[in-house]
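Asks: Work out the full structure: start from the sequences and follow the hints.
Here is what each chain is made of, one letter per residue.
Protein chains: 2
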Amino acid sequence: MDMLWNGWGDPAKAAPLPDTVTGLLRDLLGVKPRSTPALGLADLRPPAVTARPAALKALAEAVGGEEHVRTDAESRIRHTRGKSTPDLLRIRVGDIADIPQAVVLPAGHDEVLAVLRACAAHGLAVVPFGGGTSVVGGLAPRRGMFVALDLRRMNGLLDLDPVSRTAVLQPGLRAPEAERRLNEHGYTLGHFPQSFEWATIGGFAAARSSGQASAGYGRFDEMVLALTLATPQGTLDTGRAPRSAAGPDLRQFILGSEGAFGVITSVTVRIRPLPETRVYEGWRFDSFQEGTAALRRLAQDGPRPTVLRLSDETETLIGLAQPDAIGAGPEQGGAGPEQGGAGPEEGGAGCLAITGYEGTAEDTAYRRARAADVLTACGGTPTGTEPGERWAHGRYSAPYLRDALLDVGAFAETLETAAFWSRISELYTAVRTALTDTLTRAGTPPLVMCHISHVYENGASLYFTVVSAQGEDPVAHWAPAKHAANEAVLAAGGTISHHHGVGTDHRDWYVREAGPLGVSALRAVKCRLDPDGLLNPGVLLPTD
Amino acid sequence: MDMLWNGWGDPAKAAPLPDTVTGLLRDLLGVKPRSTPALGLADLRPPAVTARPAALKALAEAVGGEEHVRTDAESRIRHTRGKSTPDLLRIRVGDIADIPQAVVLPAGHDEVLAVLRACAAHGLAVVPFGGGTSVVGGLAPRRGMFVALDLRRMNGLLDLDPVSRTAVLQPGLRAPEAERRLNEHGYTLGHFPQSFEWATIGGFAAARSSGQASAGYGRFDEMVLALTLATPQGTLDTGRAPRSAAGPDLRQFILGSEGAFGVITSVTVRIRPLPETRVYEGWRFDSFQEGTAALRRLAQDGPRPTVLRLSDETETLIGLAQPDAIGAGPEQGGAGPEQGGAGPEEGGAGCLAITGYEGTAEDTAYRRARAADVLTACGGTPTGTEPGERWAHGRYSAPYLRDALLDVGAFAETLETAAFWSRISELYTAVRTALTDTLTRAGTPPLVMCHISHVYENGASLYFTVVSAQGEDPVAHWAPAKHAANEAVLAAGGTISHHHGVGTDHRDWYVREAGPLGVSALRAVKCRLDPDGLLNPGVLLPTD
Numbered sequence: 001m002d003m004l005w006n007g008w009g010d011p012a013k014a015a016p017l018p019d020t021v022t023g024l025l026r027d028l029l030g031v032k033p034r035s036t037p038a039l040g041l042a043d044l045r046p047p048a049v050t051a052r053p054a055a056l057k058a059l060a061e062a063v064g065g066e067e068h069v070r071t072d073a074e075s076r077i078r079h080t081r082g083k084s085t086p087d088l089l090r091i092r093v094g095d096i097a098d099i100p101q102a103v104v105l106p107a108g109h110d111e112v113l114a115v116l117r118a119c120a121a122h123g124l125a126v127v128p129f130g131g132g133t134s135v136v137g138g139l140a141p142r143r144g145m146f147v148a149l150d151l152r153r154m155n156g157l158l159d160l161d162p163v164s165r166t167a168v169l170q171p172g173l174r175a176p177e178a179e180r181r182l183n184e185h186g187y188t189l190g191h192f193p194q195s196f197e198w199a200t201i202g203g204f205a206a207a208r209s210s211g212q213a214s215a216g217y218g219r220f221d222e223m224v225l226a227l228t229l230a231t232p233q234g235t236l237d238t239g240r241a242p243r244s245a246a247g248p249d250l251r252q253f254i255l256g257s258e259g260a261f262g263v264i265t266s267v268t269v270r271i272r273p274l275p276e277t278r279v280y281e282g283w284r285f286d287s288f289q290e291g292t293a294a295l296r297r298l299a300q301d302g303p304r305p306t307v308l309r310l311s312d313e314t315e316t317l318i319g320l321a322q323p324d325a326i327g328a329g330p331e332q333g334g335a336g337p338e339q340g341g342a343g344p345e346e347g348g349a350g351c352l353a354i355t356g357y358e359g360t361a362e363d364t365a366y367r368r369a370r371a372a373d374v375l376t377a378c379g380g381t382p383t384g385t386e387p388g389e390r391w392a393h394g395r396y397s398a399p400y401l402r403d404a405l406l407d408v409g410a411f412a413e414t415l416e417t418a419a420f421w422s423r424i425s426e427l428y429t430a431v432r433t434a435l436t437d438t439l440t441r442a443g444t445p446p447l448v449m450c451h452i453s454h455v456y457e458n459g460a461s462l463y464f465t466v467v468s469a470q471g472e473d474p475v476a477h478w479a480p481a482k483h484a485a486n487e488a489v490l491a492a493g494g495t496i497s498h499h500h501g502v503g504t505d506h507r508d509w510y511v512r513e514a515g516p517l518g519v520s521a522l523r524a525v526k527c528r529l530d531p532d533g534l535l536n537p538g539v540l541l542p543t544d
Numbered sequence: 001m002d003m004l005w006n007g008w009g010d011p012a013k014a015a016p017l018p019d020t021v022t023g024l025l026r027d028l029l030g031v032k033p034r035s036t037p038a039l040g041l042a043d044l045r046p047p048a049v050t051a052r053p054a055a056l057k058a059l060a061e062a063v064g065g066e067e068h069v070r071t072d073a074e075s076r077i078r079h080t081r082g083k084s085t086p087d088l089l090r091i092r093v094g095d096i097a098d099i100p101q102a103v104v105l106p107a108g109h110d111e112v113l114a115v116l117r118a119c120a121a122h123g124l125a126v127v128p129f130g131g132g133t134s135v136v137g138g139l140a141p142r143r144g145m146f147v148a149l150d151l152r153r154m155n156g157l158l159d160l161d162p163v164s165r166t167a168v169l170q171p172g173l174r175a176p177e178a179e180r181r182l183n184e185h186g187y188t189l190g191h192f193p194q195s196f197e198w199a200t201i202g203g204f205a206a207a208r209s210s211g212q213a214s215a216g217y218g219r220f221d222e223m224v225l226a227l228t229l230a231t232p233q234g235t236l237d238t239g240r241a242p243r244s245a246a247g248p249d250l251r252q253f254i255l256g257s258e259g260a261f262g263v264i265t266s267v268t269v270r271i272r273p274l275p276e277t278r279v280y281e282g283w284r285f286d287s288f289q290e291g292t293a294a295l296r297r298l299a300q301d302g303p304r305p306t307v308l309r310l311s312d313e314t315e316t317l318i319g320l321a322q323p324d325a326i327g328a329g330p331e332q333g334g335a336g337p338e339q340g341g342a343g344p345e346e347g348g349a350g351c352l353a354i355t356g357y358e359g360t361a362e363d364t365a366y367r368r369a370r371a372a373d374v375l376t377a378c379g380g381t382p383t384g385t386e387p388g389e390r391w392a393h394g395r396y397s398a399p400y401l402r403d404a405l406l407d408v409g410a411f412a413e414t415l416e417t418a419a420f421w422s423r424i425s426e427l428y429t430a431v432r433t434a435l436t437d438t439l440t441r442a443g444t445p446p447l448v449m450c451h452i453s454h455v456y457e458n459g460a461s462l463y464f465t466v467v468s469a470q471g472e473d474p475v476a477h478w479a480p481a482k483h484a485a486n487e488a489v490l491a492a493g494g495t496i497s498h499h500h501g502v503g504t505d506h507r508d509w510y511v512r513e514a515g516p517l518g519v520s521a522l523r524a525v526k527c528r529l530d531p532d533g534l535l536n537p538g539v540l541l542p543t544d
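Those sequence lines, one after another, are chains A and B. The opening position of the first sequence corresponds to residue 1 in full-length UniProt numbering, with each subsequent residue numbered one higher. The opening position of the second sequence corresponds to residue 1 in full-length UniProt numbering, with each subsequent residue numbered one higher.
Derived by calculation from the structure, the hints in this document are not laboratory data. Among the clues, some could well be false.
[Unchecked claim] Simulated coverage check for chain A against chain B, where a stretch passes if three residues somewhere in it have a Cβ under 8 Å from a Cβ of chain B: (1) 206–213; (2) 216–226; (3) 241–248.
[Unchecked claim] In silico negatives: residues of chain A with every beta carbon more than 10 Å from chain B: (4) Gly23; (5) Arg26; (6) Arg34; (7) Leu236; (8) Cys378; (9) Gly501; (10) Leu540.
[To be verified] Here chain B is said to cover these stretches of chain A; the calculated rule only asks that three of the stretch's residues, wherever they fall, bring their Cβ under 8 Å from a Cβ of chain B: (11) 156–164; (12) 410–423; (13) 489–496; (14) 511–519; (15) 525–534.
Beta carbons are placed, not taken as given, at the ideal position from N, Cα and C, and that holds for glycine.
Replies: Written out as structure tokens, the structure reads:
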């Protein structure tokens, strides 16, 4: 099944907003219904394929037949950009300027190498395509003629080593299928990002993904033990041991390379036994500051829950106000009856934290009881398992909610960062203020919500959700706010992305974060592995 | 205080072997007394400094005065090579072919940059020098004229952030002093490798060090949150958050670069509260295989001790036979009354495991009790805290023992590797056999001991100690055995080094492990940051 071409996920799961919510959006945020009728896929008219027949023939030979090189309009449209809100807004008005020439579907590592050779010979750029879920412009290269390299045929579980607890996965394997196949053997990967339903193993690796259970299972980059990379200059294999002192860690150089260094064709991951028990519960804190201190305490001194997150006052209120209507719980908020542009509410709702425990019954019980002592000592009040279950139930639904919001003329987008603990409060205020001020000045005071979604001993991530009215040109209207948020992130000492990645959207800020010499080192690697600049040109690194 | 110029550590701690041990070495391994008298430091005659006066003047200007550029014989000799057994054997016979032109002592990051500029201008190579404890030839560049960049003046604790639990340390800070200063604030780094007494923070980072408490505190590369690197092309700063999705992890590219990419001038590390309690104890297993399975069980399912190690049958027997005489406990073995070249003993001693727990009293008690259940279920028998205390007491003494062994004409060296759990047994046998067969064929049947010193969910390290008689030319005599062990490591799927590093000794095998494209990518970075090839030429990467 393919994802909705102009939105998120399974078309059958799309649901309109209740009229009451639409009315509130109108009254409180000034959201107006869209004046233009929605376009259908058939309304879009892609430009003709200009790649030469010889190039397409070479591609077909590389992947074992022309049935694996698709040039039909629908296939090309479905591989145009990713799933950021600007991506959706653009395609909804028929803007498919970033459309690929063709969609190429290799069946294995050697076919990927052959595709890269064919593209080098014919001057085509290559965009590796997993689930197509990038929200940072990672699928929109800055070069005219390119093909999308869709890895869906490379979707196997190649090996499972129960002694070492490792599994070898192909990059096009989607997360739910990877889980299902590991579950059959009694194991789990434990990687559950919000993109879970559609994202792929290769995409997780290429973009340094982090899942909602990262407190317990770690980030995806911490799960990866070995990688194979197909590049225009050949194959790079890395990872002979969990850890090594044999030079710089090449794995950590491939992870996060976003298709700019090569195509990841195999990922060896750490697996864990399926947990005996899972329990998720809610805790209430008077303030985001108090809750943050409690999370820090658990992250630093333990016991570490498997899931640990904390919504700020606004997100908590929204979640409590409309949990059923919008089905998102506190995960990514929604649009409820609060005034836009307001600061954090200091009312009775406080801040909701979710703690989750997965593991053996004994270990889960021990950690849960001890964590409860810590959270209580930090001012928390348990609110039972209902908020936890509600969060777990709605953990993947926020992107569907976004579609419904866009449908009624609202704007909704997310962005995220991370920093060391001592900077979290300042970073929170800086980004929130930047978003609120910019959009308010532009005439669309927003609702800005935030949660801590990932914790470490030394810091945490902040995940912001913004809902407002759409401007006249919604993409252009949003750009200054995103720009201001990015500037605020760097100024307050945060990283430009904790788990969404760089793509093209964050590239200019990433270049500043990495510094000229860091970028220079990365470009040196890129030039060596991809001397013709075929791979995702302009993604991660500037092309010039 | 400087380390012994021709051996390890504090000269006051040196102690000769008891005559009984010397006798046993003679009778069982054929060790003969050295026929030549030991040389004194004053007997060594360094070649004249050939660097031009203008170069030395430029260096003096870079570091604020000629008192910080040392060209006296003793300073140069003390910066000649590191502390591998071949290093010691060479310098003991007066071979100082790898002597630097001068020892340069910068006081800070800017002075390091100035030194690099001066060296570039005058065609001098640069070897960053921390504690001088490399055991892989990391201080012996393959280029004639070089200076040793001794970082001892850069030994400060620059910042401590109790909220984020981070500390900023300078590279020349020695580990005991770093611990002492952190301890004053109630914190610990938790990094205790065998080189602890002499090694520096910068060296730990450059060589991807791993300490004896890595099961609890992690490897040094896992403790590092930010780094500053001075290169001939300027400064690289990295690390704005504990984790990030903003591109490849540049920190993990600097870690393990062994001075070949730049000089690490600042290291931000994770710190932890000083533990309330520490308890170390012993467990007996019937066989190395059984003990390995028990360690794997704890590493994979927990609870995770802070220290977790397991000696094989031979190492256990040696440790039990002569614990007091040689002061090494089971850490690195010694030479006891066992026949050389024998296979693992299946006698009553079995295999000794050491488990250690550090933390709060409550957490330590819980982990210890549950780990005891697991170890018992895996066939282990507790042997009380005495073996644990003995191990802790002797944890840094093995290198002193080596000096004593070399003094009486024995050969003693260590090497180490790591692999995924499913390959550990084969790797163990392969390396053990390679060492035993090669040295036996050469007429010096060895005692080969091994322990697992570091465990991960997905694999472990193996640390081998070899003791035999010296050959006629001890360095040349050892070379084929080391070569055979390296070949065995690669053939059995291990990494060429788990924590000693690459240096020059492992370089040819490292090149095979990283593969041509991996090496090509590393060289691209090296060329960009160090275009003139000034930095540690031939260390980590080949020069041609």
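Asks: State for each hint whether it applies.
Replies: Hint-by-hint comparison with the structure:
no.	hint	result
1	206–213	holds (count 4)
2	216–226	holds (count 3)
3	241–248	holds (count 8)
4	Gly23	38 Å, holds
5	Arg26	36 Å, holds
6	Arg34	33 Å, holds
7	Leu236	4 Å, violated
8	Cys378	14 Å, holds
9	Gly501	5 Å, violated
10	Leu540	6 Å, violated
11	156–164	holds (count 3)
12	410–423	holds (count 7)
13	489–496	holds (count 4)
14	511–519	holds (count 6)
15	525–534	holds (count 4)
Checked against the numbered hints above, the structure breaks hints 7, 9, 10 and satisfies the rest.
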